[in-house]
Structures are given as structure tokens and as C-alpha cells.
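*Asks:* Sequences listed follow chains Z and C, in order.
If you want the numbering used here, it's the 1-based position in the first sequence plus 619.
If you want the numbering used here, it's the 1-based position in the second sequence plus 1.
Hints listed in this document are in silico derivations from the structure and should not be mistaken for laboratory results.
Be aware that a few hints might be false.
List of simulated lysine-lysine pairs, DSS-like, C-alpha gap at most 27 Å [unchecked claim]: (1) Z:Lys935 <-> C:Lys152; (2) C:Lys95 <-> Z:Lys909; (3) Z:Lys1059 <-> C:Lys95; (4) Z:Lys892 <-> C:Lys95; (5) Z:Lys711 <-> C:Lys194; (6) Z:Lys892 <-> C:Lys120; (7) Z:Lys711 <-> C:Lys187; (8) C:Lys95 <-> Z:Lys1085.
Cβ-Cβ distance ranges computed for the label pairs, FRET-style [said to hold, decoys possible]: (9) Z:Met802 <-> C:Asn217: 55 to 61 Å; (10) C:Ser32 <-> Z:Asn739: 50 to 56 Å; (11) Z:Lys993 <-> C:Asn217: 27 to 33 Å; (12) C:Pro206 <-> Z:Lys993: 43 to 49 Å; (13) C:Pro206 <-> Z:Tyr702: 34 to 40 Å; (14) C:Ser32 <-> Z:Ser675: 43 to 49 Å; (15) Z:Arg1114 <-> C:Ser195: 54 to 60 Å; (16) Z:Lys1044 <-> C:Ser146: 55 to 61 Å; (17) C:Ser32 <-> Z:Ala717: 43 to 49 Å; (18) Z:Asp1008 <-> C:Ser195: 18 to 24 Å; (19) C:Ser195 <-> Z:Asp832: 36 to 42 Å; (20) C:Leu36 <-> Z:Asn739: 46 to 52 Å; (21) C:Asn217 <-> Z:Ser824: 41 to 47 Å; (22) Z:Asn739 <-> C:Lys141: 55 to 61 Å.
Where is the CB? At the ideal position from N, CA and C, for every residue including glycine.
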Amino acid sequence: MKRKKPIFALGLLIAFAVLISACKGATGDDASADGDSANVPQPYVTLRMIMPGDESARMREFVDNELNERLKKELNMKLELTYIPWSDYQSKIELALATGENYDLFWYGTPFVSDYKAKNYIQPLDTLLRQYGKDLTARIPEDNFKLDEIDGKLWAIPSQAFTSAGKFTSVMVRQDLLESVGMKSIQSISDLEAFYSRMHAADPSYYGYLETDRGQDALWRELSDQPLTFLDENQIFAVNENTGGLVDYLESDLYRKVAQVRERWVGMGLIDKQLAGNLAANIDQEDAGKLLFRVGAVSRAMENLQTVQNADPDAKLREYYLAPDKPKYIVAPSNEAYMIPKNASHPERAMRFMNWILQSKEHYNFIIYGVEGKDYRIENGKIKLLTNDQFMYEWMWRNKNYFMPTTNVDDSVVRDMMHNDDNAKVSRLFGFHFNPEPVKNEYAKVLAVYNEKFVPINIGIVSYDKQFGQAMDALKKAGYGQVWDELQRQYAAFRAGQSLSADREESK
Amino acid sequence: MKSSIFTNMVIALLLLLTPIITLYAYSNHTSSRVLTKEIVKAKRTQVETFVGQLSQMFAQFDSYQKMLYESTEVRNLAYPDLLGDDLLHFRTLKTVSEEINRLAGYGGWKGIIAVVYPKTGMVIKSNSSLGAMPDSLPDKDEFWSYRANPKGDAYFIETISNPAKNAKEEEADLTVVAKVDEGEIKSDLSEMKSNGLEDPFLYKPGYSPIYNYTANQALIREMLPELNPDGAEGSFEPLLIRTGDGAYQVHMEMVKPLGWYLVDYVPIGTIMAPIKRNQMTFYAISGMMLFMACILGFILYRSIRIPFRKLMQGMNFIEKGIYTSRMKNPPKGEFRYLYDRFNSMASRIEELIEDVLKEQIRTKEANVKQLQSQINPHFLYNTLAYIKSMVELEEKEAAVSMTMNLSKYYRYTTKLSNSLATLQEELELIVNYLDIHNRLTDDFEYEIDIDPAILDMRIPRLSLQPLVENVIVHAFRKPVRYGAVRIRGSLEESGIARLSVEDNGPGMAPAQLEALQAKIRNAPSDQIDSGLQNVHQRLMLLFGKGSGLSLGLSEWGGLCAELIWQVQDNEPQ
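So here's chain Z without its partners, still in its complex pose (with noise of 0.2 Å):
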């Protein structure tokens, strides 16, 4: 018995002196971080954040070092990336907003926001820019936060802050080839058509033009002397610029002659009518390094060149403009969306986080680049890429203020996109949505109509002359008129609300 009481005592001193301790190292560690947190939130949290794709080995592994490494410092929070691959993404997505996983951010085209704004998915932003994202409203113009505002309300942040004037309004163009056969640049629609008479002389291998589902727009440039932008993706209805009135296009003399330089191209062999309805086709060319030019859209010369250059190590691209003097229309400056569900943790640091992105050129590049000199470089302004695994999307992110091209990428691309804004101007459309629910069954039915009537001659491989009339008929018998005059009274209202706004803001 006399032997165990030391040992007791021994042990109880030595519990007392572990308590001490510890007790000590926690009130040490408060102090040090109450000493460093000036601007860091507290407390430490995780953030949660969906990505689209596939995880590269380096981002994975920038994730966990350097860059939680930061963020811990400046934001005192982790970074969490959930990748869903592209092809089960919407569904995905949709699943996990639906059943209320706590995420905190995620990304997805500014199309989806007010079906997400509906379905209660995601919360609203205004509150929460206003507080924490401050270099967000500062790199980010201001319009294009008006994409996201639904019911007076901001749904969602318009990542991409780059230049959208005249998106697939342009053309692009293997320039290459273009120099090729003695040219230097495409200006107007004979040019296209030198350009695939010429190569088609030289190398018969080529196809011409193969994207008709769009483009149409890019042809009015030159063939219409008023400046009209489309008002839906189905090429149906278009807005006068100049007056701001709405246009019954397909009715109008502008659709006859885009019908005809189809047609024509058609003819020559520029639209390749066995192709044509092949869907696969046209990426397909493009990819195979056939394609002389296809529709534009802004940033496609840069964006693509490098699976071009896959095919033809030569190949260089640009992007032009018929009539290049006249202004180009903004219509959608951005279709990356940020959202924040309903159900995060941690809106304030998702929010943080978005702005910390924008806060600098160096956390810019650092997210989308990762470390310069480990896996990029800066030579001569550009970003030479060390390694090809991906990191943050730079499309996601592109702002015009921290805008480094890549190396592989000319400058004459560059300055392009540079200056694509230069005679740019709002379009009267900014901000309209249609909503074909009053109309719906009429709507449907015309768009079947359409499929199957306009589309041939959309493409030429159908006489405008002969088919147009037959075509028409059909259309209104499927209620187009009732389309129309929906349209023309939804339009109408849009207008007052903006003058009424417009005016508010000149009393001012």
C-alpha cells in the first residue's frame, strides 16, 4: 500500500501538468489568431463548390497544397471541388440542387438561372455582392449583372467579363489557307466565295461552309442596310436597331436574298447538299482541318486553334466581320452564370471566394494558371502554359482586365478581340425574354413547321422562289400570326418599361 501512493501522486501530478498545458497551447492559439485575423473571416469553413469536367491530376493536387494554402491565409477557408463530368452535368446538378445538398457555389449558363430562380434552387445575391464583392462590381460591368436580375432581384454572378459585341454575327476563317490563295482578309460575301472558288481550285478536299443551322445574321452585315439582330436562337422574328421596331424576317426581302446566297452557295458546291443534315459533319471538317470558315463567336479564333493546329500544325484562324465598319450589337454579355443554392453553408465565403478571383491579375492567373513559374510563364505578355492539365476554366473567368492570351495564340487574334468592343453598342433586345406561354400550342406547332419547311431553305438546298410561298402558308395555318401578335405585344411592353425607366433616369 505505502508503494502506490508515490505512483498515484506521480500520476495525478502529471495529469495536473497536462491539463496545464494544454489549457496553455489553447489560449496560445487563440491568441495567435486573434493576432493575424484583421480581414480574415472567422471561422475556418469549408467551401463546397461543383465543377463541370473532369479533374486534372494538377489541379487536384493545386488544390490541396497551394491554393487551400492561400486561401486559409487570406479567407480562412478550404476549398472543396466536386467535378461532374459534361455529359450527366445538367442532371447532376439539377439532382443535387433538388434534394438540397449543402454545396456552396456552382457554375452553369446564364439560361439556366431563372428556371433555377423558379425551381427555388438557388438564393439571391444583391446583399451579399454589396457587402463582400466589391471587386466583383468593379471588374464586372454592369450590364451584364443585368442578365442575372430577375424580379428586380440578382440571381447570379456573369463571370466572364470579356467582350461579347457581334457574337455570331462574325466569321471564322482558316487564315492559312486565306493567304494561301493570294488573300489577306474577308470583308464581304465575295470574298467567301474567292476564297472557296480559289482552294476549291487548289485542293478540292475542302468543304466550304457547313454550319447552316446559324449564321444568317452574318450575312445581313452586308445584305441588309439596317442593322437587325435576331431575337430568338430559331431565327424567326429580329429587331431593328435603328428603330427599334420588331421585324417579320421571314416575310421580309432580307430572308429572300440570304435565301439566295444559300442557294448560290449550294450551287457552287460551297454547301456541300450530301453533308448537309449530317449533323456530325461540320465539327467533324473542322476538326479534320477541312473547313475554310464557319460562324464566329468572338473568341473562337482563339478558342479553337489549338484543336485545329491538331489536325494542321499551319493552321491559324481569325475571325471577320462583312461590312466591318458598321457597329456591332450586344445582346448577351455573359453566359457564365455563378450561383449560390438556397442550401449553402457558406454564402458570405462563397461570395468571398468569387470575389478574391477578380481581386487581382495574380490571384487571376494563380486560379486559372496556376504557380507562375511551375506551371506558367509570362513571355512577352502572353501565358506560356508548362504543363496541359487543366485548372480553373479560363473561359469561366476571361475579364478584360486581366486578359493574357496564351502563346500558341497570333496577335492579330488578340488584338481583335481586344478591339471587338471598339464600335459596339447595346442592343435594343438586352434584357427581353420572350415568353411563349400565352402562345404555346401555336409556338409549337409553328417551330415544327418551320423545321420542316424553312430549314431546307435556310440551308439553299430548297428554291426560295419555288418553296417559300407553300412554305409560309403552312406556317401561318400553324398559327403564326397568333406568334406574331403575342410577340409584338410582349415587345411592346418591354419598350414602355424602358422608356418609362430611360426617362426616369434623364429627369434626373
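Since the structure of chain Z is already known, use the hints to place chain C on it.
*Replies:* Coordinates of chain C only, in the frame set by chain Z:
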């Protein structure tokens, strides 16, 4: 001795432990067997499930291919004359193209479906990427076959033509192609890997295996020669393959449409881990039980067996009469008490036996001395002379009285049977003795004053007489005046009895008295040469250390010898 408590306890422990361990071993064996079976079955089911998935994918492509093959639009496109009209051609092409895209879009399979029209050179396909279609189609129609194009990209392809193509030279009007790239299979395998398979790969003898993206290819290559698909159909035991890295359990199952086998292998160590854990637990627990039993045995041995044996040794010594034996290093607990008791018992026995022996010796010595002293010729001569003169003087009564006293005196002193006598008896002897001397000399008187409470007490025989004799012999030798002897007995409250003999003789100088007292007290027990020493020793032996003979001066100036003894409780009163 053979079946000591300790042995019995150890045997009981073993008896207890044996069935427990046996039962435990049996249950462990059974559970291991069941577990092994279940693990193998689970693995097999897993492999079968994935094989089912793969088979289903290829079967689905089969059915899509048939659907396209039988479609009127698809056939019509083969005969441009039938579709004289550009519009009709466009519409048919669009329909077929959309149909192919739809089919390829179902189910999340990333295979490629295409219709090839060799005569017009037209290809309609579901995937627009370069290399989606091989440069050349198989020479004849066939089910899924594995091919590689010159760039090294491998794929499974299946074709069906109209009219049927049976040789390379024949040119079909149309061929419906279904193709799945090796890359897709690899992705699927990688996905299977992340969904529970260990390291799946596809294998067909004679071909290079299709690995998942993170496969351990070197290890798989090492296994390949051992893989024997013959008899792999249906249910069969998993193969056991030993490689340089260890043993592996290999499951293989045929993907029917392909004729390839999905193979997955698991290191025996991994798959058997739960069983191994189970067994380790078993060994650990059994070992622990045995160890605890040993510890228990050792504790029993230390705390019972050893002290017990020592105790028995001690007993043996006592039994053999070695009363000096004592227990040393007493252990803790009850045995310490037992040892202590044993030790005190042994010492008590030793003491008692010693006392008894000494008492006997002293008694004998006392008797011998008494006899020696009383067969003193002067004493007897004087007495007999006294009797003779009394008879001559016709003092009949005095002669008779002297004779009676003498006779009683001798009878008492020569009676040796009992070593103890009551004080009463001793006093009677003293009275006889004093009477005899009184009659002989007639120069002293005596007085006896005894507390009746002590009359029945037993004291060593002849312990009073030497004191009185001392007075007669030494104090009255030169009588200057009339002598006086007083014998007093008392019992104190504390249980100490005192019996004193006082005289009025010349006494002794204090130093002399002191020396005499010391001589009596300190005489070694084996060198008794005076009666007084003998008395003192016997009292001490009988009544303990506090008892004995004490000398002092009487109030008359003579000597006072006092017998002191502790009255014992069990003394019969």
C-alpha cells in the same frame, strides 16, 4: 504431498481453460471458414455484376445496330436514285443522323454508332471527333472484334452490312458500325476500380490485356501465363496465383459479347485481412488466457505454496523437538499472522518445556539438599539426645511431642512425589521444624501471621524451610538475647503474594546484603549451590520473572527474607 492445494488449483485452472480454448478455437475456425466463403462469394458477385454491366453495354449496341440496319431511311440513303430530290435526301439524312445521335446518347455509353455507305463515301456517325471511325472497316461482317489502328488506338468493333459482306472484295451498299474505344473500356475499368474492384482488366489469351488507367501492369503481366480461361465458365473456385510479390486470388468472368474475360485480382493478404484479424484476435486472446493462467499459478505458488511449505517445515522441526525453529521473512497477509502465531507458539512451547525441565531439576536438587541438610548428624544427634534426656527425666510428653515433630518433619521432607505443596502444608512443616529447635534450645519464640486467602496457594515444596533454617543457623548462632522469628503472609490487591520471614538477629551490613542478593539473583541456573538460590530459581520458573526471593532488613534490625510471587488467575483457590 503429491496432491497439494497448489497442484489441485493449477489442475482446476487447466481444466477450466482447456474447454474454453477448445470451444473458442472451434468457433474461430468455423467463423473463419464462413467468412472466407462469404468474401470469395462477394468478390465473385461483384465481378459478375461488372461483367453484367459490360455485357449489357455491348448487347445494347448490338440492338441499336440491328435497329439501324433494319431502318428504311438508312437503307434508302444507300440508293441515291431513290432520293432523287435534294430535299428528300436532306430529310432522310437528317432523320438518320438524329436517330444515330439519339441512340448513341442513351445510357451514357460512349461508344460510336455509324452508318457507312462505301459506294457514295458518306459516313453518318454519332461522334464528330477525329478518329471516331477507323480508317478501314473489317473485311467481313462480324461480332465484336478487337482491333488496333496504325496509330496504336485499339477498339472493339462490330459491323453488319447489306448485302452481307463475307470477303474483302465484296462491297456492301451500307455497313452499320458499332465501335467502342479501348479508352472507354479503360475508363469503365477505372470506374469499376473506384467502385470496389481491386485492379480490374480485360483479358483474352493471345491479346495484350486492357488495363485500367492506374493498373499495376507489371504485376498483371506476371500473372498472365497463369490465367487459364478454360473451365472458367460458370461457377468455379477463384484461381490462386503466386507471384514475386505474394499470392493473389484471381476472379475471372467472361464478357459474353466480347469473348474477353474481366479479371480482377486481390492480394490474399487484403482479402483475408478480416480472417487474419480474426485469427490474430484468437491467438492473442488464447495467449493472454494462458499467460494469465501462468501468472495466476505463479501468484498462487508465491503466496500459498511457498509459505505453506515453510510452515510445514517449521512444524516438522517442532515435531522433531527442535523448538528453537522460528519462521523468518514472514510474507504479507494472513500468512504473516500465521507465522507470528507459530513463532509465539514455538517460543511458548520452548519456554514451557524449559521451565518444566528446570523445575524438575530444581525440585530434585532441593530435595537432595534438604535430605543432605536434614540428615545432618548434629540435628539428628541433638534431637535424639533431647528425646533420651526427656525419657530419662520421664518428661514423657515432651519426648512424645519431639518424636511426633521429628517424625512429621522427616515424613514431609522425604516425600518426593509432588514438587508443589500448599502453603498450609509448608507452614505445618515450619511449625514442626521450629518446635523441634525450640525444644532443643529454648532461646527464641516465633509468630505466624498468614492471610487465610493464601493458605491454599501452591508453592514449590520446601521453599519456606530454607529461609527458616537460615534464621536458626545464622541469626541465632550466638544468641545475645532472646530470639524472635515472625512469619507473615499477605495478598496484595495487584495479585502479588508475599511471604516474609523476619528475625531479630544481628542482620547484615548493607553492602553484604546487596552482594548476597545479587548472588541469589544472578546465579547461573546450572550452578546452584545454596538453598536460597534454589528457592529463588524455582519461584521464578513457576511464577515468572517478577517472582522470587528478596532480602532486606527487618524492623527488628535482623534480616527479612521475603518470597514474592504473582498469583496466577487459574490458580485454584
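*Asks:* Decide, hint by hint, whether the structure agrees.
*Replies:* Do the hints match the structure? See the list:
1. The hinted pair formed by Lys935 of chain Z and Lys152 of chain C meets the criterion: a straight-line CA distance of about 25 Å does not exceed 27 Å.
2. For the hint linking Lys95 of chain C to Lys909 of chain Z, the alpha-carbon distance of about 21 Å falls within 27 Å, and the restraint holds.
3. A distance of roughly 26 Å separates the Cα atoms of Lys1059 of chain Z and Lys95 of chain C; the hinted pair therefore holds under the 27 Å criterion.
4. Distance hint between Lys892 of chain Z and Lys95 of chain C is fulfilled; the C-alpha atoms sit about 12 Å from each other, no more than 27 Å.
5. Between Lys711 of chain Z and Lys194 of chain C, the direct Cα distance comes to roughly 21 Å. Compliance with the 27 Å bound is thereby established for this hinted pair.
6. The suggested pairing of Lys892 of chain Z with Lys120 of chain C holds, with an alpha-carbon distance near 17 Å, which does not exceed 27 Å.
7. For the proposed pair Lys711 of chain Z and Lys187 of chain C, the alpha carbon gap of about 23 Å is at most 27 Å, so the pair holds.
8. This hinted pair checks out: Lys95 of chain C and Lys1085 of chain Z have alpha carbons roughly 22 Å apart, not beyond 27 Å.
9. A hinted range of 55 to 61 Å for the beta carbons of Met802 of chain Z and Asn217 of chain C is consistent with their spacing of about 56 Å.
10. Taken as a hint, the range 50 to 56 Å holds for the pair Ser32 of chain C and Asn739 of chain Z, whose Cβ atoms sit roughly 52 Å apart.
11. For Lys993 of chain Z and Asn217 of chain C, the hinted distance range of 27 to 33 Å is satisfied, since their beta carbons lie about 29 Å from each other.
12. Distance hint for Pro206 of chain C and Lys993 of chain Z: a CB-CB separation of about 46 Å, consistent with the stated range 43 to 49 Å.
13. Take Pro206 of chain C and Tyr702 of chain Z: their Cβ atoms lie about 38 Å apart, and the range 34 to 40 Å holds.
14. Checking the proposed 43 to 49 Å range against Ser32 of chain C and Ser675 of chain Z shows it holds: the Cβ atoms sit about 46 Å from each other.
15. Our hint of 54 to 60 Å for Arg1114 of chain Z and Ser195 of chain C holds, since their Cβ atoms are close to 55 Å apart.
16. In this structure the hint that Lys1044 of chain Z and Ser146 of chain C lie 55 to 61 Å apart at CB holds, the actual value being about 60 Å.
17. Look at Ser32 of chain C against Ala717 of chain Z: about 44 Å separates their beta carbons, and that is inside 43 to 49 Å.
18. Under the hint 18 to 24 Å, the C-beta atoms of Asp1008 of chain Z and Ser195 of chain C, about 20 Å apart, fit the expected range.
19. At about 39 Å, the CB distance of Ser195 of chain C to Asp832 of chain Z agrees with the hint of 36 to 42 Å.
20. For Leu36 of chain C and Asn739 of chain Z, the Cβ-Cβ distance of about 49 Å falls inside the hinted range of 46 to 52 Å, so the restraint holds.
21. A hinted range of 41 to 47 Å for the beta carbons of Asn217 of chain C and Ser824 of chain Z is consistent with their spacing of about 45 Å.
22. The hinted window of 55 to 61 Å between Asn739 of chain Z and Lys141 of chain C holds, with their beta carbons roughly 58 Å apart.
Checked against the numbered hints given earlier, this structure breaks none of them.
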